[in-house]
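Undergrad: Chains as they are written, first to last, in the working numbering: chain A, 1 to 514; chain B, 1 to 295; chain C, 1 to 315; chain D, 1 to 315.
Source of the hints: derived by calculation from the structure; they are not laboratory data.
All values reported here derive from a predicted model rather than from experimental measurement.
One or more hints might be untrue.
Claimed, not checked - Capping the alpha-carbon separation at 16 Å, the derived lysine to aspartate or glutamate pairs in EDC-like fashion look like this:
hint : chain 1 : residue 1 : chain 2 : residue 2
1    : C       : Lys144    : B       : Glu15
2    : B       : Lys34     : B       : Glu263
3    : B       : Lys191    : B       : Asp223
4    : A       : Lys423    : A       : Asp338
5    : B       : Lys29     : C       : Asp142
6    : B       : Lys29     : B       : Asp40
7    : A       : Lys349    : C       : Glu199
8    : B       : Lys214    : C       : Glu154
9    : B       : Lys153    : D       : Glu138
10   : B       : Lys89     : B       : Asp66
11   : A       : Lys349    : D       : Glu197
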Amino acid sequence: MNQATQTVLCMTGIKKSFSGVPALWGVDFELSPGEIHALVGENGAGKSTLIKIMTGAYRRDSGVMEYDQNSVAFPNPTEAQAAGIVAVYQEIQLVDFRTVAENIFLGREPHRFGIIDRRVMNTRAADILERLGLQIDPRSVVGSLNIAHRQMVAIARAISFGARVLILDEPTSSLTETEVSVLFNVMRRLKSEGTSIVYVSHRFEELYAVCDRVTVLRDGRNIVTRSLSTLNRLELVCYMLGRQPEEVSKGVTAFTGQSQNTLDRPVLLQAEALKYKKRLNGVSIEMRHGEIVGLAGLLGSGRSETVRALFGAEPLEGGTVKLEGSLLSLRDPHDAIDAGIAFLSEDRKADGIIPELSVRENLTLAALPNLTQWGIVSRKQQNELVERFMRRLGIKAASAEQKIHELSGGNQQKVLLARWLCKNTKLLLLDEPTRGIDVGAKREIQQLIAELAEQGLGVVMISSEVEELVEGSQRVIVLRDGQSIAELSGEQKNIKTILHAMAEGANHQEAADK
Amino acid sequence: VREKTKKIVGFSQTENIGPWRIAETNSIKEEAAKRKKTYDFLMTDAQGQTSKQFADIEDLIARQVDVIFLAPREYEGLTPALEAARAAKIPVFLIDREAAGRPGQHFVSFLGSDFIAQGRRVGEWLAQASDGKASIVELTGTAGSSVAIDRAKGFRDAIARYPNMKIVATQTADFSRAAAQRVMENIIQAKGSDITAVYAHNDEMALGAIQALKSAGMKPGKDVIVGSIDGQKAALEAIIRGELGVSVESNPRFGKLVFATMEEYFAGKKIPTRIILKDRLFDVTNAKDFVDEAY
Amino acid sequence: MKSKKPDLGWGTLWNPNFGAFAALLILYVANAVFTPRFATVSNTLNMLLQVSTTMLVAIGMTFVIASRGIDLTVGSTMALVSVIVALLIKYGMTVAILFALSGALLVGLLNGFLISRLKLDALITTLAALILWRGIAQVVGDGKLVPFAHPTFEALGKGYLGSIPIQVVIAGVVIVAAFFCIRSTLFGRHIVAVGGNEEAARLAGIRAERVKYIVYIISALLAGFAGLVETARLGMGDPSKVGVNAEFDAIAAVVVGGTPFSGGRANILGTVVGALLMQVISTSFNMLLIPFTWSLVFKSVIILFAIFLQRPKEI
Amino acid sequence: MAATKSLAKFLTSQGLLLILFSLAVFASFRYETFLTPLNLMNIMRQNSMLAIVALGMTVVILSGGIDLSVGALVALGGVVAAMLAGQGSFVAIVGGIASTTLLGVVNGLLVSRARLQPFVVTLFTASAARGLALSITEERSIAVPSAASGLVWLGRGFIGFIPVPVLIVALLYFATWFMLHRSRLGLHTFAIGNNEEASRLMGVNPNRVKLLVYTFSGLLSGLAGVVLAGRLGAGQPVAAFGWETDAIAATVMGGTFLAGGQGSVFPTLAGVILLGMMYNLLNLEGTITPWWQLVLRGGFLLLVVLFQQRIVQRN
Ligand SMILES: Nc1ncnc2c1ncn2[C@@H]1O[C@H](COP(=O)(O)OP(=O)(O)OP(=O)(O)O)[C@@H](O)[C@H]1O
Ligand SMILES: Nc1ncnc2c1ncn2[C@@H]1O[C@H](COP(=O)(O)OP(=O)(O)OP(=O)(O)O)[C@@H](O)[C@H]1O
Ligand SMILES: [Mg+2]
Ligand SMILES: [Mg+2]
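Just chain A, with the same shape it has in the complex (with noise of 0.2 Å):
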């Protein structure tokens, strides 16, 4: 056994670069036994390229890696679990075809002569699952899970090894309070038994909340590694962010939280019992210009679905949407974004990114059309408009012809919120368009919606963050069952309330998930 001064994992001057581009400079990272280690930076500071090469999905160009003393350098994911060395991957990665215990199982299940004993897989996969305090049936099929059940049924998978080292990459970024509770609870307990954890977040509470040192990356280089107790909020952003305390103001969102008085500008948006399928059944939102309107609720609330019908990309089976006061028909997005609506979704890369295009391609293909004449896309304004906003939102990229698919998660969703930006609209549907962010791109980003609506634009945003709702929104609409039960503004716009309304149905709504 390990002394407690000895390190599991020791790796020094980690270089790594993709076709050229170096992500990792020479990095340094110690993990402890039985430590819960954080591991934060910035969006493409190389946290996730750290750790895939942790678990050789990723190749080091060069560096040291050792596990236990011994040099080690693993071919493959199978050889480094094996090994000891299991990891939760930032973008979940799951075989969603198959089942749950398939999915927990998948590379070692319990077999005799290479026939897979089911019977055996079923049961301990339920008892992982009930450890984790989940409800999911270990046949059910994982496609047909929500993104947080998918997420917990990845986490429940690494943990299920016993490994030594479990590296768990964004892990809480489409989780709900409780499962993330439930989730800090297993982590301390493995914390105890002895294992080591690296633990990658944007959100700080959750660092405060479960980890004891914390290594900072910035550009590919390591930083600072201190323990958190000594170290507070203000100081781990300077070093994230590379600047001094004075520079970063305080306070949890970039939103003022000062609600600007906008009752007596013209309405923007009325859409009235909106319908579709089972999923909405009658939500409601009026707006004026310059509002942000916040939508809260649980998971399957129909908060996205809301969204996504007033974009045109879910047909409404009821219910009418009028802007400005004319009356819209939304056949597909292509009606919306002509009538001055634009959307982020909430999967940036299933419905967001184009993998193989560059960020120039990404970020201006909203906005082609109006780059074109006689058909003809204009190279030098296509140019010119991302300079622009590769620069106005501190995209971090290679330069402007790298495949947006090679840059990190939140660069990614800047080049996306850029999309729609570079055009003129009216009204924006945010969903969740802080989530996997950094601190700093958040503030920026916030900063930016706030900007955006004083200047008119109308905002519908959907946040899993309840205090950026209180803060980013001047009213709260919250909605259940796909109908809007509560709008909130004023003094009722605080946290309390929100969770309440939003709450209220949650028996109702576990009742109607089994």
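Place chains B, C and D with the ligands on chain A using the hints.
TA: Below, chains B, C and D with the ligands without anything else, positioned relative to chain A:
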């Protein structure tokens, strides 16, 4: 078992691509139509595959036909099918190509041309026309087909006696005009004006080669003499224009002959095991007289 | 911001995107040395002439594959066009060509309808349609060859513009137009966007369904053109043999040229190189009088090697 | 959730069974000889070789790949077996299967290790294998001597009243079904077909699975070739043209996702039988001109695909 008023004739054709096959099919269909009162006629198309043809024959047997006309895909591979027919006591007449099996036992009779002789006759004609001195390009039929093999063999037998007749290139063109044109263009690039003669395994390929020669600025019939097999209408017209030297007939019109033979068989007459058609030879001397009746 | 342009030094030679081009260059030079009469103007023109119909079809295929589809009906389209034009040429060339191309349009429309509207799988749909249209072409022509004589029309396949065959000129024009279309037009960008991520493209306001429709129509029309050229060249309509296996030649050209099956990228110049590469191999084997059966083997091995050179790198 | 999925699965296979059944009812009324034991046995026996090939194809497609070389491998396996038949049946059978298994390994290595696209790799190994089969036989068919009784038995023999090829098919389908749904290897095949990257990160070795899958397909193609050679009494280098497309069609008609990861083997068998029945009915009808047969086949295939995918999409 079932009450039969009419006999059923089953015809298993190997494929229906190209003028020759279609003429053959049509000739048999026409004869069958003439006998509608006494015979039902069923036809299958093997799409150029022995395995499908085997299945077709099995289907015909299951359908309880009284006689099978078989235009085999190739020599090997149908013996088991013939055996199945024999077991079901259904007489088989082989048309235009032979198939492995014992005559009188596996099949009643083979009716067709002598492919080796066809190749030989073209060879002899070319030797005469070129005074026994030629550089020949050979365009062969579908790789692996017995016709292509026999026509190649007969031709080689004929020119073996002339030391100055050499095959300078032999390439397959799949019995197709388009392919022949392409292949010939390439050969012309490689051999240029060395070429003095072309032997094509069928008329279609000869016509393709003539196209290629013309677009390369060579005069078919003068700079390069061309010989082929089949005797189809377009070929006879080419002979009349002086572009094609010779076409040895390979008559596809089996309809009359095969029905007559079958009726003789049912009448209890003794049928010879091989009935070889007399193929005519068309060249500039007689092409005009036959062009109208050609297919 | 670190903005580094990919450098164009010697290192590019090893860039996997140039694998097919390198193979083409090597083969051409090797043949120039070893195959008599290979590197002549007339033979080079001959190769261009022979590759031009494949080129036309392959360009259309590049569009389809870039949109993450596939079109196996191209060969049958050529056959359909071939019989229609041959049957109708006696009513005048314009009429014949118009009707023939409408036939091709019909094929494209049906493909588009089934694949983009009804969301059927492209491979299996066009596989079935391939059989269907070949059958229809044969029914229309009653399975027979349809000879005709019409010098003006035949010039399409046999004529020259100066010393360059007309069909090579046609292919050249189509290549330039397609290159321009993919690179600079709105439609071109929409194709790659739809191929790259259809849902994302739709949410960015692109009418993906319409884009896919048009892509299949383009492919069918280009195959139609190829059918016209082929028919003019042969001087007859042939529903059974025109365009047989054209789809595989075209797909091979596209893929050897580096356009991936997964869509989202369209490398027109790559397709041109791919088609040329395969033509150089066939021609040189023909000229070296390598027996057809062995040439099948060698040709495959060479092409596999060329593809191997441009395999994706491991991270 | 799981229940609706398996219901979907059941319905897709049942959809096909429904078509099969209605076609059979129609046929038994129209052709008095359709329901005879002889005809039914014919359908089974005639299609057993394709069924074997389609089984390999299904497994490859499940793993997210495709194998266009199966037809050529059937031919190669057949001629190798026929050429070796003089040495006795055992040598012939093993030799025939070994040759194609080897090429299956080549496919597998190129797809897995070299990370090339399966469509292209197998397109060209197909043409190489075809060329090889033609070359080693000098383009002739090779007769199987009657002394090689084991080989002949494989193609034409009976056990009881069941034809040997049918028995082989039954055994193979059950064994493969068991492997796919009960073994780790089977699970891994489905997993990489669904999401290769995720499977890799979770500890599946995709390269090993792919290698095995293509090897299996090569082996089955060889077996089909050997059985075919036994059945015809000859090994033919031109055999099994276009079987790859028939096998793909059968697989897809059986509801297997062309993209991989979802499907099963028995529906494929139903697909094969449906294809075979189509030919059988055309033969029993016996008066439809060949070109109309193509139209009917293409149209019918299209309808089945349409029907099939509608059901899949609805679920
Ligand atoms: N597959 C890849 N190809 C090319 N570049 C890549 C690839 N993966 C990552 N990069 C680059 O490496 C850098 C580090 O990315 P990484 O994903 O590790 O960031 P991160 O710290 O995880 O960010 P985030 O918080 O946004 O997830 C980024 O600049 C990114 O563009
Ligand atoms: N009734 C349902 N049946 C099946 N899947 C559902 C159902 N309700 C929700 N889901 C799944 O859960 C996901 C989230 O649901 P939805 O988008 O309606 O809720 P939301 O309020 O937007 O939640 P989120 O916080 O995830 O955005 C959806 O993408 C959907 O796939
Ligand atoms: Mg990351
Ligand atoms: Mg949502």
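Undergrad: Now tell me if each hint is right for this structure.
TA: Here's how the hints hold up against the structure:
1. Lys144(C) - Glu15(B): Satisfied, since the Cα-Cα distance of roughly 13 Å is no more than 16 Å.
2. Lys34(B) - Glu263(B): Given pair Lys34(B), Glu263(B) holds - Cα atoms ~14 Å apart, limit 16 Å.
3. Lys191(B) - Asp223(B): 14 Å, holds
4. Lys423(A) - Asp338(A): 11 Å, holds
5. Lys29(B) - Asp142(C): Distance of about 15 Å is within 16 Å: holds.
6. Lys29(B) - Asp40(B): 11 Å, holds
7. Lys349(A) - Glu199(C): 10 Å, holds
8. Lys214(B) - Glu154(C): 14 Å, holds
9. Lys153(B) - Glu138(D): At roughly 13 Å apart (the allowed maximum being 16 Å), Glu138(D) and Lys153(B) satisfy the hint.
10. Lys89(B) - Asp66(B): 9 Å, holds
11. Lys349(A) - Glu197(D): Holds, at about 14 Å.
Of the numbered hints listed earlier, not one is contradicted by the structure.
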